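Undergrad: Join the two chains into one complex using the hints; note that each chain is given alone, in its own frame.
Respectively, the protein sequence lines represent chains A and B.
So in our numbering, spot 51 of the first sequence is number 51, and the numbers just go up one at a time.
With positions in the second sequence counted from 1, the corresponding number in our numbering is that position plus 233.
Quick caveat, the hints were computed from the structure, so don't treat them as lab data.
Please note that the accuracy of each hint is not assured.
[Said to hold, decoys possible] Just a few of them, taken from the derived set where beta-carbon distance is under 8 Å, the chain A residues facing chain B: (1) A49; (2) P140; (3) H195.
[Unchecked claim] DMTMM-like cross-link-like pairs, simulated, lysine to aspartate or glutamate; straight-line CA separation at most 20 Å: (4) K649/B to E137/A; (5) K693/B to E137/A; (6) K557/B to E137/A; (7) K414/B to D435/B.
This structure is a prediction, so every number in the text was calculated from the model and none was measured.
Where a beta carbon is used, it is the ideal one built from N, C-alpha and C, also for glycine.
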Amino acid sequence: MNTSVSVVIPAHNAARFIGQAIESVFQQCEAAAYLALDVIVVDNTSTDATCDVVQRDFGSKVRLLHEPKPGAACARNAGIAAATAPLIAFLDADDLWLPGKLADQFAALGAQPDVSLVFCHGVEFSDPPAAFPCNLESRPFLHPSGLLARREAFDIAGPLPEFRCGEFIAWYGWAQTLGLKSLVAPGSFVRRRVHADNTTRDRQGLAEYTQAMHWLMERRRAHAAAAAGATGR
Amino acid sequence: MIIQGRVESYRVNEPDVIHQLFDREVVVVDLRNGSYYSLSESGGTAWLAFGSAAASIDAVTELLATIYALPPDVIARDLRRFVEELTARDLIVACPQGEGVMDAATVATPAAAYSPPELRSYNDLQELFLLDPVHEVDAVAGWPHAAAGGPAVPPPAEPAGGPATTGASPAATGGDLLTAKLGGHTLLVNRDTGVYSTLEADRGTTEHHDLETLMRPWIEADRPLRRAATAQGRQLLDRLDQSFTDDAATAGGIVEQWYEIGGEAICVRTIPEQDSERLRPALRHLAIPEAPATGAGLTISAWNGGMPSAPPMLANLLQRLRRKWCTECGPRGEVLELHSSEISAIYNAGPNVLTVLDFERNRGWLLKLDDVAFPYWEVGSPFRFLLHEWFAPRGLQYVHAAAVGTARGGVLLVGKGGSGKSTTALLCAAAGLQYAGDDYCLIDPSHAWAHSLYNTGKLKGPEDYARLPELKGLSTNPDSFERGGDGKGVYFLDEIWPDRVVAGMPLRAIVVPRITGQLASYVEPCSAFEALVAMLPSTAAQLPAASNDDCDRMVALAEKLPAYLLHLGTDIRGIPAVLTTLLNG
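Isolated chain B, as found in the complex (with noise of 0.2 Å):
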């Protein structure tokens, strides 16, 4: 626990603030304003003490006592000092009781006399640090983000339309770690600071650092609590829902479309003539013809809109929304206004939109607060946090997983972006194989079932028409690279293999692939656990609801079929013939 003013461990503020040492000299660069600092021989001996790990004052003061063969209590007095201005510039944290810290005998004899420590600050080039990388953008999450090196938004100004009331207050929460445990090994997700580790039995512990711009640990944003819903929050709610009526009533009427998904069936309203049809053509394949009688499970109203026709209220938190989300919004874009224990909000800035889920009364919503086009993602996977949240209470789970099979039943290919799961699904596909998805599906692990989300395969560019040239020329997104855009391609392949694109299927394995640089393909055995680290940061990293019973989920499905790497090799054309000798095995 930390007591003000009594703490006495401290840690490097990583990840703002990154260091080296050089032969004697640890420097230091503060991503987040472009100052950079040498440290004196003594003062890196300290700093590289505190490190990542955290260390107390008392313990790096003994460890430059050793060193230097000096009585403690001279060394405390500086280091102090040292520690203050340290933590004035916000290069160093307080934190619980640190992990220890170094052994004297590991650090290299000083090459001078003890002086004080001491830092040397610079920063004649802040202004170009600034600019330096302006930004990192994560087009599959859709959430944009300032990166380390400088503010890509304004600074939040005072709020437009007076002071607003909030459902959920943001508040420390110990850290948002999410841990999955399977035959003796565990995973931890850390989507504060963008690390994922697995701590095996026999191995040790490995972290993993790849998914770090998936996760953007460096919003700093309080994680918001989930609270009970205020009435104003559930008025705000009527007030959105009211705004598509409004908004489809002068636009001439609502369009109501019925899908069975996952065994549910889900009503989809949009707007004739709205750029927010094209959300629904990926679903095309799960389409059914009226309502059923048991009436919708789950409700959605995806429409652009809602400015400046919007109710007062509603104008006004969307209003905020687009100028200054960044202080509107949780980490993952929770909206603090409605995140509730009954309400899910979700606002992306970059391409501007809203998501609402009601649990209470199964009615979701996605609004985009412009005209601009949908971007390839959001056509390609639509509604991916509302589907992922209404149906996590009902047993099914959201992955980022492609699945492809044969009438014996299909494999679950998972694996983060660019591992090669899409562009084997699609080979697969070509050649002839089921397809229920190439980047998301729904998963019943008590049934081992993939339940196919979308039709829609995607292509990156050019590039990827040697692969599969049956696909050029067919996607019809304007952002699409084929249409002069910069965006990937979406194909909707249930119109280019009809008979190919399924509702679902049982799922015989899970494959993690592999790129390798040899000719042929193979699959050998691995563990659930690979199987499992290679499926569960990914997919949490996307959703920004993700918890632990979405582990939970992914380590039942884990648990219940065998796993495989797929080595993927550069001979594409034999990798369906591969997997299906896998399912006919």
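Just chain A, same shape as in the assembly (with noise of 0.2 Å):
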């Protein structure tokens, strides 16, 4: 069975967090030494000392590449298309694994061949300590950083539409219209930071909430009406 997974972590500006991220996604192998790691980090318009930091540190055990077209999307989908391993998770680069999320969501695919994204739960952390309000309580985590997805599912689906902000809800949506299957797992392997720099969603960016629904709404019609034709109703 091929054990390997690529990892794709888009950084923009997280030059004071992509270290402890790609450890993280390291630490998965202490574990679990048959997984073999794709860590792909997609640099998107950083001005940061982001991409000094990840060839200082990780050189060659990660590949660097650069997506000139801002919005995680974008880098999200390049890291797809640069993807050579069966199984793709994503992490951004503010966030953490805790060990075992990779072996844990990589039994739940095992186990289970009809399901193409295993989500797991999470935690949110404040950065500094306690000076942010956080939801402490393990949750579902149904974000990029949560999911195991089998490449598959994006030769289905499709990359991810290029919004600012929905991207991923209207994504998952059209993968649920497809009828790609999901379940999340009950473990809590993924602690989101809250932070200052949280990307903040401002008015142009809440607008394309508008757009991303707008975009899954009008694919879930033509898929509707093309089911239709083809049943000849």
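TA: Put into structure tokens, the structure is as follows:
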């Protein structure tokens, strides 16, 4: 069985976090040496030392790509295009994985061949400590940092729509429409960093939620029309 | 006036509900619960007609009747049903008389014959929505809040310690609008919507949305009215003071340090060895060796503690704040139980800090309800709310501004965060100019004087070393990026550049920095109104108690001084010289 996983880490001005994030990825192999990791850092228009830190501390252990189009969706798509493994995971540069994340999800996918997407649970933490209110209770982490996906999911549903907001929500909705199965594993393996520079949703950013939902509805309508045509109704 | 049952005008429930027109389809997203909607063509037209400006049902009926060439009574019946559905979902809200309706001529000819306005609702992705923008945080104001996408704080439970007796009750106040008029122009700051607007005689109205995240319009709590303090409120203050004395006695005493701030003697009391002692160094350049004969104008007690040792009634309040501040506080953290004409109390849930000011007896308290280190912004700019509210009735204005200068006087650098004022101030200090603050000052408008508050400067990250290599490695706050933390570094310039930090300076000009991509820096005159627009909204957005009195004082200052735009070039070494030349001119 192929045990390789491509891990796509989109990074925009993440010099302060990226080292920790990548380490949390390599830690996955400590108790699961069978995993072969293809770690892809996608620099997304960083103007800080993100790339220097990655090259200095991880060198040839990771692949460093540059995606000039701004937006996490563009960076993730560049990573998906470059990924070589049959399984793809994402980790935002400011989030962290806990040990066992990939092994747990790898086992879940192995046990259920009909499932394409497996999420895990996650918690939040404040950086600096106690500065920001956090949800400390583990809850379903339906976010790219909590996902392990079969590569086919992206072959079938296509890349993420390139919006600044709601892009993953819309893609997931589309994947559901196409019948891709997903599940949420009970283990809590993601720590989401809440910090002063969390992507702020400005007015323009929020407006892209409506664009993402429109994208989804258009696709669903075309899909339904095609299905109706195919069955002769 | 809105009379129950006779409301006829509605507007889109922004900013919680967003919408966009795609070709002929209006798509609506409710950010509170992640539901999304598609509107039929006639429904979309009605939706856009209600819009953010509001319109009456009659006006929208008439519009649809014109567009579809149908009798209004047919439309009216369908539209009422549609409006009922939208209001039931809280997508539109009733409001006073709308400002009008779109001109039928501006609406595209419908693609299809009339069908009743209709709403298709989808909620299959709610769970993902609620997880998406989990938090928006505002480190400067220190007031954390749930993002529009969903609750970051668990919904409030029933009171843990019995019902609270409130000194202030929430009340609708007809909008939280600050108004400033200068030179025939008007500046409006609406903290309920997070929008500020300029009404200029020659340019018309411009809306500004760049401070929305600071003003947090999505906090829905009603603004509490100030009432007379209750006996219970006064008793709570005594217990708060007692709690400080008790905690100090357990820990080995009280440290008293005196400062002269804005011409007033202020005594700061802390408890030795506590983290709260780190609040003092930012004021160190204003320290005076002993109590003046006149005694203290204001006494501030600052400490970590209050739990669980606090006296019973106080412990109950503190516990409620910690557990469910969202129901105990007004939209800017006003503690409802204490908020009154004689007491100001603000709770900041992020750093877990309660700030209380007793106007009558000139006592202030800053209590951090845990032992976690104070975040960098409290260490760099301590007692913001206390100093603002205590000095306001004394005619001195707390402003979000930097002040630097020469022996001839100084400039007040104004603008929102990120505009370049802090960097400019630090570059000037590095070049040998006098320094009275990089972020906040206390202004005396009647004498055009800037009193220094804090001797601190801040760097965001290693990228700032290129501009200010002198500061590298000198921050001591544990959350500094230089110490492995994720915060700004705080630098005490009274130690680094003792010859440059001053207690105050006469002001010669207000300067509005603008970052440009050009090489050279230069100044050009601008209007006093431009300076006011750069200074007032970002100041008001950071001060929970900001009022029209604050606006008046900022207007008075802007009227008194010439104003300039400072175009910041990429050759940063030239910046101090530009300001020196301006001051010498």
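Undergrad: A separate judgement is required for each hint: does it hold in the structure or not?
TA: Each hint, compared with the structure:
Hint status for A49/A: holds, given a least beta-carbon distance of 7 Å to chain B, under 8 Å. Annotation: P140/A was flagged as interfacial toward chain B, and the flag holds, the nearest CB pair being 7 Å apart, inside 8 Å. Checking H195/A against chain B by beta carbon gives a least distance of about 5 Å; that is within 8 Å, so the hint holds. A distance of roughly 36 Å separates the Cα atoms of K649/B and E137/A; the hinted pair therefore is violated under the 20 Å criterion.
Restraint check for K693/B and E137/A: not satisfied, since their Cα atoms lie roughly 31 Å apart, outside the 20 Å limit. Among the hinted pairs, K557/B with E137/A is consistent with the structure: their alpha-carbon atoms are about 16 Å apart, no more than 20 Å. About 15 Å separates the Cα atoms of K414/B and D435/B, which keeps this hinted pair within 20 Å; it holds.
Against the hints set out earlier in the document, violations occur for numbers 4, 5.
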